[in-house]
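Those protein sequences? They're chains A and B, same order as listed.
All residue numbers in the first sequence are consecutive under the numbering used here, ending with 159.
All residue numbers in the second sequence are consecutive under the numbering used here, ending with 775.
Among the hints, erroneous ones may be present.
Covered by chain A, according to a simulated footprint, are these stretches of chain B (three or more residues, beta-carbon under 8 Å) [to be verified]:
1) 22-34
2) 225-237
3) 494-508
4) 755-765
In silico lysine-lysine, DSSO-like type, Cα no more than 27 Å apart, as pairs [as the list claims (entries may be wrong)]:
5) K34/A x K521/B
6) K373/B x K332/B
7) K299/B x K122/B
8) K299/B x K34/A
9) K373/B x K422/B
10) K643/B x K687/B
Among the chain B residues that face chain A by a calculated CB cut under 10 Å, a handful are [said to hold, decoys possible]:
11) G89
12) R139
13) I273
14) S311
15) V313
16) T703
Hints were generated in silico from the structure; no laboratory data involved.
This one's a predicted model, so the numbers in the text were calculated from it and none came from an experiment.
Note that the Cβ used here is the ideal one computed from N, Cα and C, for glycine as well.
Okay, here's what each chain looks like letter by letter:
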Amino acid sequence: MTSQKRIVDTRINGVSVSFIAEPRETLLEVLREKLGLTGTKEGCGNGNCGACSILLDGQVVNACLVLAVEAEGRDILTVEGLAQPDVHPLQQAFLEHGALQCGICTPGFLMASKALLDENPRPTEEEVRRWLSGNLCRCTGYDKIVRAVLAAAEGVSAQ
Amino acid sequence: MTTHAAVETAVETPAETTVTKTYRVIGTRPIRHDGMEKVTGKALFGADMRLPGMLYGAVLRSPHPHARIVSIDTSRALAHPEVRAVITGADFPDITRDEIADLGEGAIGLRYAAQLIMARDKVVFKGQPVAAVAATSRRHALEALALIDVVYEPLPVVEDAVEAMSPDAPLIHDDLYTEVPGGERSDKPSNVALHVQHERGDVARGFAEADVIVEREFRTQMVHQGYIEPQAALAVWEPDGRATVWCSTQGAFTVRKQLADQLQIPIGRITVIPTEIGGGFGGKIQVYLEPLALLLSRKSGRPVKMWMSRSEVFQATGPGAPAYIRLKMGAKRTGEITAAEHYLVYDAGGFPGSPVKSACVVGLSPYRIPNFKIDGFDVVTNKPRVQSYRAPGGTAAAFSVETVVDELAERIGMDPVEFRLKNAARSSDRMTNDLSLERIGFVEVLEAALNHPHYRAPLPEGQGRVGRGVAAGFWANGRGTSSVQLTFNPDGTVNLVEGSTDIGGSRVALAMIVAEELGLKPEDVKPMVVGTDSIGHTDTTGGSRVTYSTGTACWLAARDAIAQLKGRAALLLGVDADDVEFRDGVFYANSGEGRSIGIRDVIARLGETGGAIVARGVSHGLKLAPGFGAHIVDVRVDEETGKVDVLRYTAIQDAGKAIHPTYVEGQMQGGVAQGIGWALTEEYVFKDGVLQNPTLLDYRIPTAMDLPMIDTHIVEVPAADGPYGVRGVGEVPIVPPPAAVANAIYRAVGVRMQRLPMSPERVWRALQQAAAEEA
Numbered sequence: 001m002t003s004q005k006r007i008v009d010t011r012i013n014g015v016s017v018s019f020i021a022e023p024r025e026t027l028l029e030v031l032r033e034k035l036g037l038t039g040t041k042e043g044c045g046n047g048n049c050g051a052c053s054i055l056l057d058g059q060v061v062n063a064c065l066v067l068a069v070e071a072e073g074r075d076i077l078t079v080e081g082l083a084q085p086d087v088h089p090l091q092q093a094f095l096e097h098g099a100l101q102c103g104i105c106t107p108g109f110l111m112a113s114k115a116l117l118d119e120n121p122r123p124t125e126e127e128v129r130r131w132l133s134g135n136l137c138r139c140t141g142y143d144k145i146v147r148a149v150l151a152a153a154e155g156v157s158a159q
Numbered sequence: 001m002t003t004h005a006a007v008e009t010a011v012e013t014p015a016e017t018t019v020t021k022t023y024r025v026i027g028t029r030p031i032r033h034d035g036m037e038k039v040t041g042k043a044l045f046g047a048d049m050r051l052p053g054m055l056y057g058a059v060l061r062s063p064h065p066h067a068r069i070v071s072i073d074t075s076r077a078l079a080h081p082e083v084r085a086v087i088t089g090a091d092f093p094d095i096t097r098d099e100i101a102d103l104g105e106g107a108i109g110l111r112y113a114a115q116l117i118m119a120r121d122k123v124v125f126k127g128q129p130v131a132a133v134a135a136t137s138r139r140h141a142l143e144a145l146a147l148i149d150v151v152y153e154p155l156p157v158v159e160d161a162v163e164a165m166s167p168d169a170p171l172i173h174d175d176l177y178t179e180v181p182g183g184e185r186s187d188k189p190s191n192v193a194l195h196v197q198h199e200r201g202d203v204a205r206g207f208a209e210a211d212v213i214v215e216r217e218f219r220t221q222m223v224h225q226g227y228i229e230p231q232a233a234l235a236v237w238e239p240d241g242r243a244t245v246w247c248s249t250q251g252a253f254t255v256r257k258q259l260a261d262q263l264q265i266p267i268g269r270i271t272v273i274p275t276e277i278g279g280g281f282g283g284k285i286q287v288y289l290e291p292l293a294l295l296l297s298r299k300s301g302r303p304v305k306m307w308m309s310r311s312e313v314f315q316a317t318g319p320g321a322p323a324y325i326r327l328k329m330g331a332k333r334t335g336e337i338t339a340a341e342h343y344l345v346y347d348a349g350g351f352p353g354s355p356v357k358s359a360c361v362v363g364l365s366p367y368r369i370p371n372f373k374i375d376g377f378d379v380v381t382n383k384p385r386v387q388s389y390r391a392p393g394g395t396a397a398a399f400s401v402e403t404v405v406d407e408l409a410e411r412i413g414m415d416p417v418e419f420r421l422k423n424a425a426r427s428s429d430r431m432t433n434d435l436s437l438e439r440i441g442f443v444e445v446l447e448a449a450l451n452h453p454h455y456r457a458p459l460p461e462g463q464g465r466v467g468r469g470v471a472a473g474f475w476a477n478g479r480g481t482s483s484v485q486l487t488f489n490p491d492g493t494v495n496l497v498e499g500s501t502d503i504g505g506s507r508v509a510l511a512m513i514v515a516e517e518l519g520l521k522p523e524d525v526k527p528m529v530v531g532t533d534s535i536g537h538t539d540t541t542g543g544s545r546v547t548y549s550t551g552t553a554c555w556l557a558a559r560d561a562i563a564q565l566k567g568r569a570a571l572l573l574g575v576d577a578d579d580v581e582f583r584d585g586v587f588y589a590n591s592g593e594g595r596s597i598g599i600r601d602v603i604a605r606l607g608e609t610g611g612a613i614v615a616r617g618v619s620h621g622l623k624l625a626p627g628f629g630a631h632i633v634d635v636r637v638d639e640e641t642g643k644v645d646v647l648r649y650t651a652i653q654d655a656g657k658a659i660h661p662t663y664v665e666g667q668m669q670g671g672v673a674q675g676i677g678w679a680l681t682e683e684y685v686f687k688d689g690v691l692q693n694p695t696l697l698d699y700r701i702p703t704a705m706d707l708p709m710i711d712t713h714i715v716e717v718p719a720a721d722g723p724y725g726v727r728g729v730g731e732v733p734i735v736p737p738p739a740a741v742a743n744a745i746y747r748a749v750g751v752r753m754q755r756l757p758m759s760p761e762r763v764w765r766a767l768q769q770a771a772a773e774e775a
């Protein structure tokens, strides 16, 4: 049951990275099990929960729904690359607002929120809720997450 | 907005000191110590662990809800070139002891737990493990599962608990008998494992005294905790018989005990190290993967890592119990409740152990009811074996009580909050199981609800019919035992070593207690959660016990530290220890003309005053510190579709003392969100015992778009024990929401909902039926 492996050349968090992948492997499997980038989490494996949200050429995607071979020539940003090197305003806002309890969904929320603010630097509460509805959190009831994203947006545009 | 009102009461702490009401650290909102790792992706959760040479495990699960296992042939799987080990029930020791294992929250018979972990001769729910494989990759392990040949003989499926109680129902376990009130056992095997009963007064007389009687029938569905992190474990078996397990668990010590019981290994040879945990809510206490990974490691000689897929989580872990409930309640026109009859059937799934006992307490204990009779039944069916889910048993019981209370208030023409106030339990009242409530703040919570701006505000405008509902909720809160140790660094900072898995910010709250007592900043106290070899026994993170019980241990450890440091300060100050006084982080020489030395200096100079010190604290035997809440909700009902939208939500709760208000609010908001999901969208849909919706798309937990901001109002009535009067806060907020939402739906459209979830279809049908009855 072997399949033809391929070398995939990518940029991950600003650094050139090449890895060997089977065609059936997901980008999430490669990030976590081959590259040790375990900040990207597996909550469902089928695109329902958003815990594995990453940016692929600036677009937010679920890494569990991307085949690793599709990452050829692409630019990937994971939560490990968000603080470069200073803490990102979203990370700081999540800490100050207590926007995490267990923390398992946090990397996904941070990456999805970054994609939102990159596209829409001053979102309304409604826009934040709509954008983040692909990311599930079971601890917070979203209240403090939404507040943190709105606060980060204030901070980002004030700079 | 969040409001925060303290009730002025002096508090006795465990060491009989009256604490002042102003604190330097308690009640502030420092950034949590483990926050940076969690926002940068460095925090290691269960599935993030790895070891050199590690194998990956996978589980073969029963496709049948009820079947006899005729044979299992693993030879083809073992022949797979990448497979290193295969295990089945035959690899587990026989469990002959017939005792109940207390998991810290929830309990299960040892022999049933053995079958829950790995089926032996039959399966009783779809998803029950029948074999497990370790291979060089997860893909290979999953492939190899298809090479295991199992022959089943399907048996009749019992899906509904009420039907399972019928004498004609097929028996799921031929060795299960009913434990009846008084502790006797039924003559014949049954699907009813337990009948629990509480009685007080004379129910017939109580109903005769009532002017109004309401009797209703309720059904709630199986729901899942929905933690975002699936179960995960990494295990290593050493050739000399020692075992180490890293896992995502609410309690490392209960995992160690369960492994020792199930694999019959001496408990001292097992080390369990808890990883960060991605949610639990009661669902990560029972072990599932840990014993499988350990046996696979023993067989393969390699470390083995396992984690569940989401559909495995839904089908093979322990959801919250469904319930069938009847409630009859009577009240006088003047507002006093005179009698109640509560009949509760809780579905345990494949093995006994639903939370019906706590349901029989949570339901009626919030009210002073002179005459009541409660009958609760724990029943097995061919569904996943339930586990604790946040205030286990409480939400369904409160759904019945709080909607009937609402209806009684309406029938006698009284404000529903005033009606509750009139009947509310007070301090030292006895719960239905006769235990004292100790000091409680239910009246203060209800008064806060009555006076809350939300309760008096005009209803939101816009399309659709709008209504406002209220409901109360209660949880007795956990106690148990916890151990804490403090060590000291040359820069004057402190290490706080403890064993309570941090699921929602407990590390920072515990560090704040130590910082408050020692006169340090929260960031000068470094909290760490360690494994079973590194700290004294600590009970499970469950039942809302950590801030209360582990917090007490922290408080005691800080007192121990002060006592020891006083002697060192005395040496540095050149006075007797008896002449040293400690205040706000400074040791003063009473007779020393104002001479003093700061605690950080004393810590920094331990080397020159006699060497290291270790301080410790252990909590046990604390009094109950029950929590009460009241929720106010505005909903809009779309009459054409039956869809219910939550427009505004306010949760009011007695926290005793909010150590870190941000995380108290977070517990309240999170509990409300889960409760709204339970109320409106979440349910296991079964067909012949087979779950039809084992994904997060089809099992619909609330998203950010489904909820408004959830306002919180913290009331502080100090508990009778523990530091600062703190109470657990995690469980209470999931108790009121379904009843509050149901009461709001009634106010909006005039139909009373008695089934959960109150999905668009159910609400629409109820509206159609009401219209038909009117016509």
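Structure-based check of each hint:
1. With 4 residues having a beta carbon nearer than 8 Å to a beta carbon of chain A, the segment 22-34 of chain B meets the requirement of three or more and the stated coverage holds.
2. Coverage of a stretch by a chain is defined here by at least three residues with a beta carbon nearer than 8 Å to that chain's beta carbons; for the segment 225-237 of chain B and chain A the count is 6, and the condition holds.
3. Coverage of the segment 494-508 of chain B by chain A holds [criterion: at least 3 residues with CB-CB distance below 8 Å; count 3].
4. For the segment 755-765 of chain B, the stated coverage by chain A is violated: 0 residues have a C-beta nearer than 8 Å to a C-beta of that chain, whereas at least 3 were required.
5. At most 27 Å may separate the alpha-carbon atoms for a hinted pair to count; K34/A and K521/B exceed this at roughly 41 Å.
6. For the hint pairing K373/B with K332/B, the CA-to-CA distance comes to about 18 Å; that is within 27 Å, so the pair holds.
7. Using a Cα cut-off of 27 Å, the hinted pair K299/B and K122/B holds, with the two alpha carbons roughly 24 Å apart.
8. Proximity of K299/B to K34/A is assessed by CA-CA distance (about 25 Å); at most 27 Å being required, the pair is judged to hold.
9. Between K373/B and K422/B the CA atoms are separated by roughly 21 Å; this keeps the pair inside 27 Å, and the hint holds.
10. A C-alpha spacing of about 25 Å is found between K643/B and K687/B, which places the hinted pair at or below 27 Å, so the restraint holds.
11. Evaluation of the G89/B hint against chain A yields a violated restraint, the C-beta minimum of about 28 Å exceeding 10 Å.
12. Restraint check, R139/B versus chain A: the minimum CB separation of about 7 Å is within 10 Å; hint holds.
13. Because the closest C-beta pair between I273/B and chain A is about 17 Å apart, greater than 10 Å, the hint is violated.
14. For S311/B, the suggested interface contact is upheld, since its CB lies about 9 Å from the closest CB of chain A, less than 10 Å.
15. This hint holds: V313/B has a C-beta 9 Å from the nearest C-beta of chain A, less than the 10 Å allowed.
16. Using the Cβ-Cβ criterion of 10 Å, the hint placing T703/B at the interface with chain A is satisfied: the shortest such distance is roughly 4 Å.
Violated hints for the displayed structure, listed by number in ascending order: 4, 5, 11, 13.
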